[in-house]
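Colleague: As a plain string of letters, each chain reads:
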Amino acid sequence: MALLTVENLTVTFPSRHGSTNAIENVTIHVEPGEILGMVGESGAGKSMTGAAIIGLLEPPGHISSGEIRLEGERIDNLPPAAMRRIRGRRIGAIFQDPLTSLNPVLTVGDQLIETIRAHLPLTKEAARERAIDWLRRVGIPAPEKRIDTYPHQYSGGMRQRVVIALALCAEPRLIIADEPTTALDVSVQAQIIALLRRLARETGAAVVLVTHDMGVIAETADRVAVMYAGRIVEVGPVAEVLTHPRHPYTAGLMASIPRIGPRPEILPQIEGAMPRPASRPAGCAFAPRCPYRIDRCIAERPALRGTGAAQVSCHLAEEIPV
Amino acid sequence: MIRSLLLTAAMSLPLTAPAAAETLKWATARDVYGLDPHAVTDSFTNIFTHHLYEPLVRYDAELRIEPALATRWEVIEPNRVRFFLRDGVTFHGGEAFDADDVIVSLTRAADPKSPLRGNLPGLTAVEKVDDLTVDVVMEGPTPLLNNYLTNIFILDSGWLEANGATAPIDASRGEEGYTTNNANGTGPFRLESRRPDALNVLVANEGWWDTPAHNLTRIEHSPIASAATRVAALLSGEIDLIEPAPLQDAARIEAADGVRMLENPGLRSIMMGINMGDSLVDGNVEGNPLKDLRVRQAMMHAINMDLIRDRIMRGKSRVTGSLIAPEVQGYTEAMDARLPYDPDRAKALLAEAGYPEGFAFNLNCPNDRYVNDEAICQAMAAMLTQSGFQPRLVTEPRQIHFQKVDERAVDVFMLGWATLPMLDGFSVLSAMLASPDGSYGTFTPAGYSNPRLDELTQAIAIEMDEEKRLAMLSEALMLAHEDIAWLPVHQQPLSWAARDTVEVPQAADDLVRLWYARVNN
Amino acid sequence: MFGFLVRRIVQSVFVMLAVALIAFMMFRFMGDPVNSMVSENASVAEREEVRARLGLDQPLYVQYARFVTRAAQGDFGLSWRNARPVSTLLAERFPATAELVLVAAGLSLVLGIPLGILTALRPRALSTQTLQFISLVGISLPTFVTGILLILTFSVWLGWLPSFGRGTVVDVGWWSTGFLTTTGLKALILPSVMLCLFQLTLIMRLVRAEMMEVLRTDYIKFARARGLSDRAIHFHHALRNTLIPVITIFGLQLGGLIAFAIITETVFQWPGMGALFIQAVSFGDVPVMAAYLVLVSLIFVTINTIVDLLYVVLDPRLRVDGARGAH
Amino acid sequence: MATPTPASAPPRPAPAGLIARALSGDVAWSFRHSWSARISALVLLILFAAAILAPWLANQNPYDIGELSLFDSELPPAWAEGGDARYWLGTDTLARDVYSSILYGLRLSLIVGFASVALAAVVGISLGLLGGFVGGIVDAAIMRFADVLLSFPTILVALLVNGIMRGALPPAQHQQAAIWVLILAIGLTNWVQYARTVRSSTMVERNKEYVQAARINGVSRAGIMVSHILPNVLGPVLVIATINLGMAVLTEATLSFLGVGMPATQPSLGTLIRIGNEYLFSGIWWVVIFPSVVLVALVLAVNLLGDWLRDALNPKLR
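So the sequences go chain by chain: A, B, C and D.
Just so you know, full-length UniProt numbering puts 273 at position 273 of the first sequence, and the rest follows in order with no gaps.
Just so you know, full-length UniProt numbering puts 42 at position 42 of the second sequence, and the rest follows in order with no gaps.
Just so you know, full-length UniProt numbering puts 62 at position 62 of the third sequence, and the rest follows in order with no gaps.
Just so you know, full-length UniProt numbering puts 226 at position 226 of the fourth sequence, and the rest follows in order with no gaps.
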């Protein structure tokens, strides 16, 4: 049984122009212990998908259709209290900016112990032991001392390690890591990714790794889902998708892999910009930018369909030579 | 010392308050400045301390002079008056009252550093004849000596000496006087406790020499500065007597159960001073049109005082042509006549004087001193404007207003005068009409000088024959009336309010004399 | 920390010198006290003499220098109004104002913070909107009108509470307190309500705004993502961050409360320093006015310093370099 | 979740963005969907129009004492018994038409309010930018000066400014000067709030990469402050300003209570209420009720609009 199943998930934002769907018909599966990369440009909906999974969509955004199952149990319609028990305990989350993810006025220990005790029936002392242990596991030196210090006394990379400890300390089965390295120095990024991968292996947790960095995906993920304009355009094993991208967009993304350093906000290889949710075309959302566009692309939205190990949503998936 | 006194007082307060006592709760607009009766000239402080201390002679409820600590007096020489003191009087502290107390007290009040000395001008010596007889020696004949003395209270000489308080209180001296916070008099009430600006408690003096007309055992005095709060406290039953009560609240107070207004014409006459100097402070013409009698007459014609009385003073004021109230010596009916309200006549006079288009001048008024002062001035400004004048109304807090008056930086300005404590027209003559010479003419408007009036003033000051003196006084005041040296406005009404159970005489001088008050529970 | 305090104290001295100077410049134009000090019948010569004895005939800088020299020795002179030492007068009135301001400040915190939290947590609820509307109406009337309306309602109409004064006070050493008697406590209610209304609304709105801001921060989102309870998130995580800026504003407003106490004390005949000041203004009593202003600025500077120190205590980010973290 | 914000871009929109957003309709949309904003705006519009058109709308010029006739004093509103159709909201003790007085008083109150807020904002923003950006002794001097000023609350500063102006001006100009005294007094005490807000934002922004980058690129300090920092603080400043507008009108009323507001001959809304306050017990309710209602409406509308504006301008809220 899949650890996480997202079926036809649509998240809708009501607004003055009527409702818009930030993500549409997203379907993904995550197997236990698997690392699923989700990749795409800003606004593609990958972070939104993560937020929907942990039940923290910002109002007025809400799930308008589809369902989310965790270990077979439906979790998208749980009452808030039940969902709260799942967060942290069964699904951990890591956000992109370690500088702002930690409460500046509470010590690292306070935040760890509080989180541990929120989910595990431990005494303060035991929770503290566990917190120190976790700090050690994420590579904080002298954790017995550092546990009583405040976040601002840590460097950025160290803080992200603390964030990881916080996300993992109740040993969730699934981790949503939303751009965990984006705000960090390049030199630190690799360490953090390595740490995350190591810990996931150790605890057997699956990871949904949200990023717009194909390089990270290539190094880390088992499978990858490429999102564009609120939809999944291609999903499949990393090796397959990266070496044989079927969707023109994925192909464009691939061109950015060697580029390490400043991450591209838009893809220089592809002209134009991703349409905003409110102004998506009726047909294929990528059509306006697509060099292979045919009339059908404008008229009809392609469905996700299997082509070998991967699935792709493109009318011309079989024809385009990439 | 004072601290421990207050402590005891505060702690024992609920215990000593008699259960069904005749307690009078009294609220006034402000607190006394201090308890030393010689330290300030403020008339409220004066009447408050009158409950504790007494003078040689005093005013009764009808403002007639009657014996107090002196039983009788004789003019021995024109400038020497012998006072025979009351026997058997004791101070609250138990000390016996005698001639030494009078000597010390009068000397103290007349000391060059005492602010009160202006109220006892010309005292040269107080001589002891025997233990209960003293001679008061003045520079010259002093017809108003007894009037002056109503205001000079007697303190115990031994008590003053023991507390190092024989010298008068002097703010510039830099140290606090004992008498500011402590009181030891012969009066009808004793001080029980005092918390400045909060509560002064007086209790009846059981050993008072006089037969009390009052039935009070206790007076609780609270200053309440805000008029609305004061009225509220009366209406809510927290207070029995308020003074003053705003005129405009009269209807509400009368309508409420169990309380009533106490209203009478007061002694204080309101008038407008007129700059008769060579130029206006703030004019738009050459010279000073106000020097022209016709212009001053035009002003009087222009102002409809009856309407101001009816609308602004709610019918409670008394419109006057005189600078003094009828109760004050020197008053005659002739000087009370006013030029009638006649805007056409006003315009004609103005044209006759050469100002058909009028002229600009400042109309200076205080806005926190007299009853409805600001409103009266606004109404007058409107009326003057409608008769062709161009008044520029300037209303200011009293400190600034009176400073300007002092500096003669005013054109037409409001002033009130109650002739206190003399209750004599000479007060108006000497302070407001005589040509300024250092001792007279403090408030005389710029440029006003009438030689005949000055002559009369000098003569009145030393005339011991009461009939002649009054004749001269009336003549002098009549001169001022004809000159329109001041533009009379009205006699300000007295306006108090009390519970129906409280009986208290309301003398024209606006002073509350609670030794005549009764509470009928 | 020590250096910070020393610097603060030095600064305070300059602040107070400046305040005293401004005060003196101001009194130059406040009118002449002599008229209130002599009898109506006093002659011009007598008036001049009084003026000379008070030093009013001397140049302003001489008066100022003399005031500062004496004030430095703790001697503020005698009040011209009632010839009592100014320091005694202020000491006598200080407890009344302090109790009033403290109760008002306390009320505004005790009511303002929970109401602010409530309205922040339920921003769209009807109760929130109503509460915000009412709080705005409450501060849309000048306080002197509110004060009189309170008196009309609770004293005249209902007869529940006294309309003026402090009730029975008890002396504890030199401090006179209204906290120990029923009448004293009852007397505190209306004035402190009047005084705190504005502050209360301000705190409530401030807490609401800060709280909503904090609730949108990443660390709150992350705390939610860790499955912490709402209670822990709101009160453990959000509240502390919310209160840090609130404390600054509160400190600033405390000075405002002391100033606004002037109005409250006038309306309710509260025998405090504000009432004393207003009397001094209407009398032209320069020593009292100057000392009051210097004292108020001293209180203010002290509050500011305490607020800065508190800041350091509450916000660990400033702790390492606390002194530099002032403001 | 939040879209990633690269560190090299300003965290909030530049001025062009702010204006563009307003024009593009975000603010307009939020306005159309806020009942309180629409009602407040309507109330303010009516009040502003009334203030501007006062000379044409009023039946009487209440400042022209020549027009007053004491015979008509204390008339109740037209619909009450004894009312007079000429004075539909009644007259006060001096026979001033309450309706006309309110119109003129509103005008004065709004002038005082707007002018003092503008003064405070300009002084405060300038000093705040300067202090925050330059730092050091300049900053310390400004902040200590702010402390001095804050230890003199508005009421006391007003007494001071009032006193100095009176001393400096000939008596003839005192009445005309009253309004400037109020503007100066209220304006000069309220700038501190702006200065502190702007200063702290400036200090935060100063060290951000984009400001440093701009500096390296040779953009002048003034340029950086104006183009990068100012837009970021405009929101809070606007919110402070709206709240202060209401405050200024109330402060003016309070000063009038202490005797240093507008003279009784040129009553502002606050002065009208202060005068009317003395008649609370007397049954002449109309002289205090009507001005109070207008003042409450004004302050309330300004504050509600301020609240809405704060939410509408804050992109994080949407």
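Hints may contain errors.
[Said to hold, decoys possible] Think about it this way: if two alpha-carbon atoms lie no more than 16 Å apart in a straight line, the pair counts; the simulated EDC-like pairs of lysine to aspartate or glutamate are: (1) C:186 <-> B:238; (2) B:113 <-> C:49; (3) B:113 <-> C:48; (4) A:145 <-> A:110; (5) B:291 <-> B:238; (6) B:347 <-> B:292; (7) A:145 <-> A:129; (8) B:113 <-> B:176; (9) B:291 <-> B:483.
[Said to hold, decoys possible] Derived, one-sided and incomplete: chain A residues facing chain C with beta-carbon distance under 7 Å: (10) 87; (11) 95; (12) 118; (13) 152.
Since the hints were made in silico from the structure, they are not lab data.
None of the values given here were measured: they were computed from a predicted structure.
Even glycine gets a Cβ: it sits at the ideal position worked out from N, Cα and C.
Colleague: Next step is simple, just say for each hint if it's right about the structure.
Modeller: Against the structure, the hints:
1. With a C-alpha separation of about 14 Å, the suggested pairing of residue 186 (chain C) with residue 238 (chain B) holds against the 16 Å cut-off.
2. Between the alpha carbons of residue 113 (chain B) and residue 49 (chain C) the distance comes to roughly 9 Å, so the proposed pair stays at or under 16 Å and holds.
3. Taken as a hint, the residue 113 (chain B) and residue 48 (chain C) pair is honoured in the structure, with Cα atoms around 12 Å apart against an allowance of 16 Å.
4. Distance check on the hinted pair: residue 145 (chain A) and residue 110 (chain A) sit about 13 Å apart at the alpha-carbon level, within 16 Å; holds.
5. Taken as a hint, the residue 291 (chain B) and residue 238 (chain B) pair is broken in the structure, with Cα atoms around 53 Å apart against an allowance of 16 Å.
6. Distance hint between residue 347 (chain B) and residue 292 (chain B) is fulfilled; the C-alpha atoms sit about 14 Å from each other, no more than 16 Å.
7. For the given pair, residue 145 (chain A) sits about 12 Å from residue 129 (chain A) by alpha-carbon distance, which is consistent with the 16 Å threshold.
8. A distance of roughly 15 Å separates the Cα atoms of residue 113 (chain B) and residue 176 (chain B); the hinted pair therefore holds under the 16 Å criterion.
9. Straight-line distance between C-alpha atoms of residue 291 (chain B) and residue 483 (chain B) comes to about 10 Å, which keeps the hinted pair within the 16 Å bound.
10. Interface restraint check for residue 87 (chain A): the shortest CB-CB distance to chain C comes to about 4 Å, inside 7 Å, so the restraint holds.
11. A cut of 7 Å between beta carbons decides the hint on residue 95 (chain A): the least distance to chain C is about 6 Å, and the hint holds.
12. Interface hint status for residue 118 (chain A): upheld, as the beta-carbon distance to the closest one in chain C is roughly 5 Å, under 7 Å.
13. The beta carbon of residue 152 (chain A) is positioned within 7 Å of a beta carbon in chain C (closest approach about 5 Å), and the interface hint is therefore held.
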